[in-house]
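Protein chains: 2
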Amino acid sequence: MSGTLYGLGVGPGDPDLITLKALKILERAPVIAYPAPETGDSLARSIAAPHIPNGRVEIVIRTPMVPGKFPAHDVYDRYAAEIEARLDADEDVAVLCEGDPFLYGSFMYLLSRLSAKHSVKVVPGVSSLGACAASVGVPLVSRNQVLTVLPGPLEEAELEAHIQSSPAVAIMKVGRHLRKICRVLDRLGLMEHAQYIERATMPEQRVLALRDVPRDGAPYFSMILVRHGETEAGV
Amino acid sequence: MSGTLYGLGVGPGDPDLITLKALKILERAPVIAYPAPETGDSLARSIAAPHIPNGRVEIVIRTPMVPGKFPAHDVYDRYAAEIEARLDADEDVAVLCEGDPFLYGSFMYLLSRLSAKHSVKVVPGVSSLGACAASVGVPLVSRNQVLTVLPGPLEEAELEAHIQSSPAVAIMKVGRHLRKICRVLDRLGLMEHAQYIERATMPEQRVLALRDVPRDGAPYFSMILVRHGETEAGV
Numbered sequence: 000m001s002g003t004l005y006g007l008g009v010g011p012g013d014p015d016l017i018t019l020k021a022l023k024i025l026e027r028a029p030v031i032a033y034p035a036p037e038t039g040d041s042l043a044r045s046i047a048a049p050h051i052p053n054g055r056v057e058i059v060i061r062t063p064m065v066p067g068k069f070p071a072h073d074v075y076d077r078y079a080a081e082i083e084a085r086l087d088a089d090e091d092v093a094v095l096c097e098g099d100p101f102l103y104g105s106f107m108y109l110l111s112r113l114s115a116k117h118s119v120k121v122v123p124g125v126s127s128l129g130a131c132a133a134s135v136g137v138p139l140v141s142r143n144q145v146l147t148v149l150p151g152p153l154e155e156a157e158l159e160a161h162i163q164s165s166p167a168v169a170i171m172k173v174g175r176h177l178r179k180i181c182r183v184l185d186r187l188g189l190m191e192h193a194q195y196i197e198r199a200t201m202p203e204q205r206v207l208a209l210r211d212v213p214r215d216g217a218p219y220f221s222m223i224l225v226r227h228g229e230t231e232a233g234v
Numbered sequence: 000m001s002g003t004l005y006g007l008g009v010g011p012g013d014p015d016l017i018t019l020k021a022l023k024i025l026e027r028a029p030v031i032a033y034p035a036p037e038t039g040d041s042l043a044r045s046i047a048a049p050h051i052p053n054g055r056v057e058i059v060i061r062t063p064m065v066p067g068k069f070p071a072h073d074v075y076d077r078y079a080a081e082i083e084a085r086l087d088a089d090e091d092v093a094v095l096c097e098g099d100p101f102l103y104g105s106f107m108y109l110l111s112r113l114s115a116k117h118s119v120k121v122v123p124g125v126s127s128l129g130a131c132a133a134s135v136g137v138p139l140v141s142r143n144q145v146l147t148v149l150p151g152p153l154e155e156a157e158l159e160a161h162i163q164s165s166p167a168v169a170i171m172k173v174g175r176h177l178r179k180i181c182r183v184l185d186r187l188g189l190m191e192h193a194q195y196i197e198r199a200t201m202p203e204q205r206v207l208a209l210r211d212v213p214r215d216g217a218p219y220f221s222m223i224l225v226r227h228g229e230t231e232a233g234v
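One line per chain: the protein sequences are A and B, in this order.
Sequential numbering of the first sequence, starting at 0, is according to numbering that gives the first Met the number 0.
Sequential numbering of the second sequence, starting at 0, is according to numbering that gives the first Met the number 0.
Keep in mind the hints are simulated off the structure, nothing from the lab.
Certain hints may be false.
Only pairs whose alpha carbons sit at most 20 Å apart, straight line, appear in this in silico SDA-like list of lysine to any residue [stated by the list, open to error]:
{"hint": "1", "chain 1": "B", "residue 1": "K23", "chain 2": "B", "residue 2": "G136"}
{"hint": "2", "chain 1": "A", "residue 1": "K120", "chain 2": "B", "residue 2": "G136"}
{"hint": "3", "chain 1": "B", "residue 1": "K23", "chain 2": "A", "residue 2": "M201"}
{"hint": "4", "chain 1": "B", "residue 1": "K23", "chain 2": "A", "residue 2": "L22"}
{"hint": "5", "chain 1": "A", "residue 1": "K172", "chain 2": "A", "residue 2": "R205"}
{"hint": "6", "chain 1": "A", "residue 1": "K23", "chain 2": "B", "residue 2": "V119"}
Here are the computed distance ranges between Cβ atoms for each label pair [claimed, not checked]:
{"hint": "7", "chain 1": "A", "residue 1": "V206", "chain 2": "B", "residue 2": "P29", "range": "40 to 48 Å"}
{"hint": "8", "chain 1": "A", "residue 1": "G54", "chain 2": "B", "residue 2": "P29", "range": "47 to 55 Å"}
{"hint": "9", "chain 1": "B", "residue 1": "G228", "chain 2": "A", "residue 2": "D211", "range": "33 to 41 Å"}
{"hint": "10", "chain 1": "B", "residue 1": "M64", "chain 2": "A", "residue 2": "R210", "range": "35 to 43 Å"}
{"hint": "11", "chain 1": "B", "residue 1": "E90", "chain 2": "A", "residue 2": "Q204", "range": "23 to 31 Å"}
A partial selection of chain B residues facing chain A, derived with a Cβ cut-off under 7 Å [unchecked claim]:
{"hint": "12", "residue": "D15"}
{"hint": "13", "residue": "L19"}
{"hint": "14", "residue": "V59"}
{"hint": "15", "residue": "T62"}
{"hint": "16", "residue": "D99"}
{"hint": "17", "residue": "V125"}
{"hint": "18", "residue": "S141"}
{"hint": "19", "residue": "L149"}
{"hint": "20", "residue": "A156"}
{"hint": "21", "residue": "M201"}
{"hint": "22", "residue": "A208"}
{"hint": "23", "residue": "V212"}
{"hint": "24", "residue": "G216"}
{"hint": "25", "residue": "P218"}
{"hint": "26", "residue": "Y219"}
Think of the CB as a built atom: it goes at the ideal place given N, C-alpha and C, for glycine as much as any other residue.
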């Protein structure tokens, strides 16, 4: 027998945006695991904190956060081995994932290492896309429009081409790419159509017109939404 | 005083994929409303059914589903007026929305009519995007890739251009557009990279390689996921 590895979407920030399904798994999994920076707290754990029962084994997946770099293979090899030992002992392991596990989530690094030999189930979560749109109060995309989701680290020319060809754009992982993104939107004449959202659905949430955001930096977990096609006005 | 209009994401299908936040609002809202076809059951209501307390006033927003047409203005004018009467009587109204209210949701038709004079709050939900990826067991998008979300009704040339320029594509509202979409993917040599998902997370869920799907039609609530960039293999 072997335990099941769960990728649990815990939602974008508000602990009440967790699903019943994730809650039920959290209540019975003997082992939980979650990503964290090399030092400091885990965002995923802090989101799920009110729902984590006492007495669970906790595996903290500490990965160096180097701008522009994805984690080294050996880091995930090591954590996958630690998790695998639990699965081999017939214990279920619930991995907490911010937002949705399969939208740019680091859960894939465990999936690729463990899915061949173990049962893996993914529980989708509320993603930051829907959360940011809800915080702004404007649909992400409507009718038969294209929605393009862009990571902020993309090269300037690539960002520009995609933004130009899509009426609805969500730019994620803004962080230190804020100035570059603003340059592109200025050039395309779209600055007035851009909204900035930081830490959506958390107590520290900030929603601003992008033109009002100081350009000296943004947290990694921030997003820019741009709508420049037909909108809902008068629908 | 006036009641609050809630747009409640109820998730993609499995009733357990509703959020705690939506549940809490459902427990106390005296009036619920939901979209439904001209005859027959409401999908949004069937998803939320186990969580709807007895004795609620229910407003069924029946709209004609004409292929290629969006609902006529007067239909939503009428339902918005009915809902507004409840808000004016200081009653909260919870509108049930499949998936996430702001990802192609019809909630925008109520929002645009009622937000000027009433308090409106949107509760994001688990969208079909994350749900379909979870059902297939493969990330929607990873690392610094672009994700493009395309409505199936788009013209063939537009679908082709967007699919070609994005390593990760989700095509929604497949329905009667299946044959056209398959033609595009065949032409681009991407048929082997496409997965088909129908009624994700519901008991009737079907997940198939797109090449194995009969091309004579699909339900409206079906999706095609295409990955043709760098994937997780060996990550």
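Structure-based check of each hint:
A threshold of 20 Å between alpha carbons decides the hint, and for K23 of chain B with G136 of chain B the separation of about 30 Å lies outside it, so the pair is violated. For the proposed pair K120 of chain A and G136 of chain B, the alpha carbon gap of about 8 Å is at most 20 Å, so the pair holds. For the hint linking K23 of chain B to M201 of chain A, the alpha-carbon distance of about 18 Å falls within 20 Å, and the restraint holds. Using a Cα cut-off of 20 Å, the hinted pair K23 of chain B and L22 of chain A holds, with the two alpha carbons roughly 15 Å apart.
Only pairs whose Cα atoms come within 20 Å are accepted, and K172 of chain A paired with R205 of chain A is accepted, the gap being roughly 15 Å. Our distance criterion of 20 Å between C-alpha atoms is broken by K23 of chain A and V119 of chain B, whose separation comes to about 30 Å. Here the CB-CB span from V206 of chain A to P29 of chain B is close to 29 Å, at odds with the stated 40 to 48 Å. Distance hint check for G54 of chain A and P29 of chain B: the Cβ-Cβ separation is about 41 Å, which falls outside the suggested range of 47 to 55 Å.
For G228 of chain B and D211 of chain A, the hinted distance range of 33 to 41 Å is satisfied, since their beta carbons lie about 35 Å from each other. Against the hinted window of 35 to 43 Å, the Cβ-Cβ separation of M64 of chain B and R210 of chain A comes to about 40 Å, which satisfies the hint. Roughly 28 Å separates the CB atoms of E90 of chain B and Q204 of chain A, a value that falls within the hinted 23 to 31 Å. Given the 7 Å rule on beta carbons, the hint for D15 of chain B holds: about 4 Å separates it from the nearest Cβ of chain A.
Taking 7 Å as the C-beta cut-off, the interface hint given for L19 of chain B holds, the closest approach to chain A being about 4 Å. Evaluation of the V59 of chain B hint against chain A yields a violated restraint, the C-beta minimum of about 21 Å exceeding 7 Å. A distance limit of 7 Å between C-beta atoms decides the matter here; for T62 of chain B the minimum to chain A is near 13 Å, and the interface restraint is violated. Interface hint at D99 of chain B: satisfied, since its Cβ lies 4 Å from the closest Cβ of chain A, which is below the 7 Å cut-off.
Evaluation of the V125 of chain B hint against chain A yields a held restraint, the C-beta minimum of about 5 Å falling below 7 Å. Annotation: interface hint on S141 of chain B holds; nearest CB of chain A at approximately 6 Å, less than 7 Å. Against a cut-off of 7 Å between C-beta atoms, the interface hint on L149 of chain B holds, since the closest Cβ of chain A lies about 6 Å away. Using the Cβ-Cβ criterion of 7 Å, the hint placing A156 of chain B at the interface with chain A is not satisfied: the shortest such distance is roughly 13 Å.
Hint on M201 of chain B is violated. Least Cβ distance to chain A is approximately 13 Å, over the 7 Å limit. About 18 Å separates the beta-carbon of A208 of chain B from the nearest beta-carbon of chain A, more than 7 Å, and the hint is not met. Because the beta carbon of V212 of chain B sits about 22 Å from the nearest beta carbon in chain A, more than 7 Å, this interface hint is broken. Evaluation of the G216 of chain B hint against chain A yields a violated restraint, the C-beta minimum of about 19 Å exceeding 7 Å.
Interface restraint check for P218 of chain B: the shortest CB-CB distance to chain A comes to about 18 Å, outside 7 Å, so the restraint is violated. Among the interface hints, the one on Y219 of chain B is violated; its C-beta lies about 13 Å from the nearest C-beta in chain A, farther than the 7 Å criterion.
Of the hints listed earlier, those the structure fails to meet are numbers 1, 6, 7, 8, 14, 15, 20, 21, 22, 23, 24, 25 and 26, in rising order.
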